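Colleague: Using the sequences and the hints given, assemble the complete structure.
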Amino acid sequence: MAPSGLYGRVLDDLGREIVNGDLPAGSIVMADALGARFEVSRSVMRECLRALGSMGLVEGRPHVGTRVLPFASWDLLNPQVVKWRAQSGQYVDQMRQLLELRLGVEQAAARLAADRIPEQDAAEIRAAALRMRDALEADDSREYFAADERFHQLLLNGTGNPVIAQLSGTVGAALQVRRHDMRPGMHDMTRRSVERHLQLAEALGRRDAGAAQDAAAALVEETLQEFEALQSAGRDNPPDLKRSSR
167 MAPSGLYGRV
177 LDDLGREIVN
187 GDLPAGSIVM
197 ADALGARFEV
207 SRSVMRECLR
217 ALGSMGLVEG
227 RPHVGTRVLP
237 FASWDLLNPQ
247 VVKWRAQSGQ
257 YVDQMRQLLE
267 LRLGVEQAAA
277 RLAADRIPEQ
287 DAAEIRAAAL
297 RMRDALEADD
307 SREYFAADER
317 FHQLLLNGTG
327 NPVIAQLSGT
337 VGAALQVRRH
347 DMRPGMHDMT
357 RRSVERHLQL
367 AEALGRRDAG
377 AAQDAAAALV
387 EETLQEFEAL
397 QSAGRDNPPD
407 LKRSSR
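Note that the sequence shown covers residues 167 to 412 in the numbering used here.
Since the hints were derived computationally from the structure, they do not count as laboratory data.
Every value quoted in this text rests on a predicted model; they were computed, and no experiment measured them.
No residue lacks a Cβ here, since even glycine has one placed at the ideal position from N, Cα and C.
There are no misleading hints in this set.
Quick list of the computed label-pair ranges, beta carbon to beta carbon: (1) 266 to 174: 28 to 34 Å; (2) 289 to 233: 47 to 53 Å; (3) 194 to 171: 24 to 30 Å; (4) 229 to 182: 24 to 30 Å; (5) 228 to 399: 44 to 50 Å; (6) 212 to 293: 43 to 49 Å; (7) 293 to 376: 19 to 25 Å; (8) 202 to 238: 28 to 34 Å.
Modeller: Laid out in structure tokens, this is it:
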């Protein structure tokens, strides 16, 4: 769950400034100066900087201040970092990178889940795919991606592998951004995607590991191809907004 209240607002603003490059790598920031700027207490500001430090965005330096760290230090799987990158000009790059990760992970997850997922969760995965179909018919992108997020959360958790399951927060963060983002390529809803989700859900229900792996590979591969096409078209920062998917 994302931080809320005053602390959440300051953390969100600072995180976006670092990811956007408004606070470039190597910059030195002082907690007191930031506290005055955001009109928050020293304790709130220090807590924000500690949180950013845990994500690899900043590093405290005794007697100097807090240094903004380069991209190579960031925790790119942290859901907050995923959200900030998706809201920036990096969004197409990030989606491609995450999809390349998912292409490998979700094939393995589908094969494992076909053997291990509880019956109730397998039924809920199918229900999530049906919700996606209904949302497509109703032209409701928010419901579509809410159901998509739940589908993949259940899939990764269904592996019974806690390391794989931890990636559900990363995938969920990317899908949450797509739920609200109107930029091209971010929330196109397609019947083909719904069919792929249903194929995977049905394979899991049959306990067919091979079919589940193949369906997961096809689902992610097609989405990856869409983002590669977007990237080739040079649309990292499109000026107009449109409806997007998966």
